[in-house]
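Trainee: Those protein sequence lines, which keep their order, are chains A and B.
First residue of the first sequence: 1, per UniProt numbering; consecutive thereafter.
First residue of the second sequence: 1, per UniProt numbering; consecutive thereafter.
Everything labelled a hint here was simulated from the structure, so no lab data went into it.
Take the hints with a grain of salt, since some may be wrong.
Said to hold, decoys possible - In silico SDA-like cross-links for lysine to any residue, where the CA-CA straight-line distance does not exceed 25 Å:
no.	chain 1	residue 1	chain 2	residue 2
1	B	Lys30	A	Pro84
2	B	Lys134	A	Asp23
3	B	Lys30	B	Lys72
4	B	Lys81	A	Asp23
5	B	Lys110	A	Leu112
6	B	Lys134	A	Ile62
7	B	Lys134	B	Asp57
8	B	Lys134	A	Ala85
9	B	Lys25	A	Met36
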Amino acid sequence: MDRIPILKMGEFLLVTIQVDLYDRLALTLESDLMNMVSRTEARGVLIDISAVSIVDSFMGRILGNIASMSKIMDAETVVVGMQPAVAITLVELGLTLSGVHTALDVEMGMELLREKIGPQPNDEEDLYDDII
Amino acid sequence: MMTLSKENFEIKREPDVILYRNRAKELAAKIGMSLVGQTKLITAASELVRNMLRYADGGTGTIEVIVKNNIKGIRLTFADKGPGIKDLKLAMQDGFSTGRSLGLGLPGAKRLSNEFDIKSEPGKGTTVTIIRWKNGL
Chain A
1 MDRIPILKMG EFLLVTIQVD LYDRLALTLE SDLMNMVSRT EARGVLIDIS
51 AVSIVDSFMG RILGNIASMS KIMDAETVVV GMQPAVAITL VELGLTLSGV
101 HTALDVEMGM ELLREKIGPQ PNDEEDLYDD II
Chain B
1 MMTLSKENFE IKREPDVILY RNRAKELAAK IGMSLVGQTK LITAASELVR
51 NMLRYADGGT GTIEVIVKNN IKGIRLTFAD KGPGIKDLKL AMQDGFSTGR
101 SLGLGLPGAK RLSNEFDIKS EPGKGTTVTI IRWKNGL
């Protein structure tokens with residue numbers, strides 16, 4: 001069966017969708033991602049859709065689902081790289097992707113994720129120093 | 001209105017959709033449709049093909065290059081022999097779904113098209129036709 005690869009980068013998971021998705025593939029990605037979040041204790045999921053030429057209502061729903069499921073599992077989701085034509089089409093279709101964080105590109109998406117999950121365990125000592 | 005070319009695709013499984021979408025996009029690009037126009041066309045197609053697979057176990061998708069008043073366009077037809085739609089008016093409303101989807105399929109596809117036509121007869125099937133003109137923005 002076809003699968004979209006999921007890469008682990010520190011405490012983030014990175015998914016670059018390079019092929020046009022059909023429904024079954026999107027559903028497999030959804031469950032693979034949730035399993036990976038649980039297994040790796042990831043705090044953030046970054047989905048790059050810059051190579052995707054079409055996001056329809058099903059795909060939009062999957063992105064929304066991934067964001068809400070990740071949230072429940074204490075991870076934030078950011079979708080990056082949406083093509084202008086895809087954004088125009090999505091809005092006309094009537095899909096707002098509410099609840100999904102978006103950023104322009106991977107770099108800005110990473111920054112947003114770091115902001116969202118706040119101070120890291122490594123920074124904790126510094127925090128205590130401040131309090132003491 | 002005149003048809004310049006016509007291709008039929010049997011759509012029985014999900015991956016068939018990609019082949020169909022790609023061909024529609026290719027032809028839309030060939031007649032000079034803008035990228036936004038192409039994207040709207042294939043997104044509408046994606047919604048309609050999904051309905052066909054979900055509610056009617058597939059059907060036939062047709063892609064035509066048409067011309068009217070010297071303007072070219074793409075006409076897509078989706079014909080199935082499924083259970084048909086009982087209440088078309090209801091099905092065309094945003095947010096209505098008998099499945100567990102968002103209910104954006106039919107009304108969304110209509111918004112993304114320049115022309116939209118749906119015919120359905122309970123027990124016999126459904127045929128949806130959409131057109132996007134080259135200059136249809």
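Trainee: None of the hints should be skipped; say for each whether it holds.
Mentor: Quick rundown of the hints versus the structure:
1. B:Lys30 / A:Pro84: Between Lys30 (chain B) and Pro84 (chain A) the Cα gap is close to 21 Å, so the pair holds against 25 Å.
2. B:Lys134 / A:Asp23: Violated - the C-alpha atoms of Asp23 (chain A) and Lys134 (chain B) are around 29 Å apart, more than 25 Å.
3. B:Lys30 / B:Lys72: 10 Å, holds
4. B:Lys81 / A:Asp23: 22 Å, holds
5. B:Lys110 / A:Leu112: Distance ~36 Å between Lys110 (chain B) and Leu112 (chain A) Cα, so the pair is violated.
6. B:Lys134 / A:Ile62: 31 Å, violated
7. B:Lys134 / B:Asp57: 32 Å, violated
8. B:Lys134 / A:Ala85: Cα-Cα ~16 Å, so holds.
9. B:Lys25 / A:Met36: Roughly 35 Å between the alpha carbons, so the hint for Lys25 (chain B) and Met36 (chain A) is violated.
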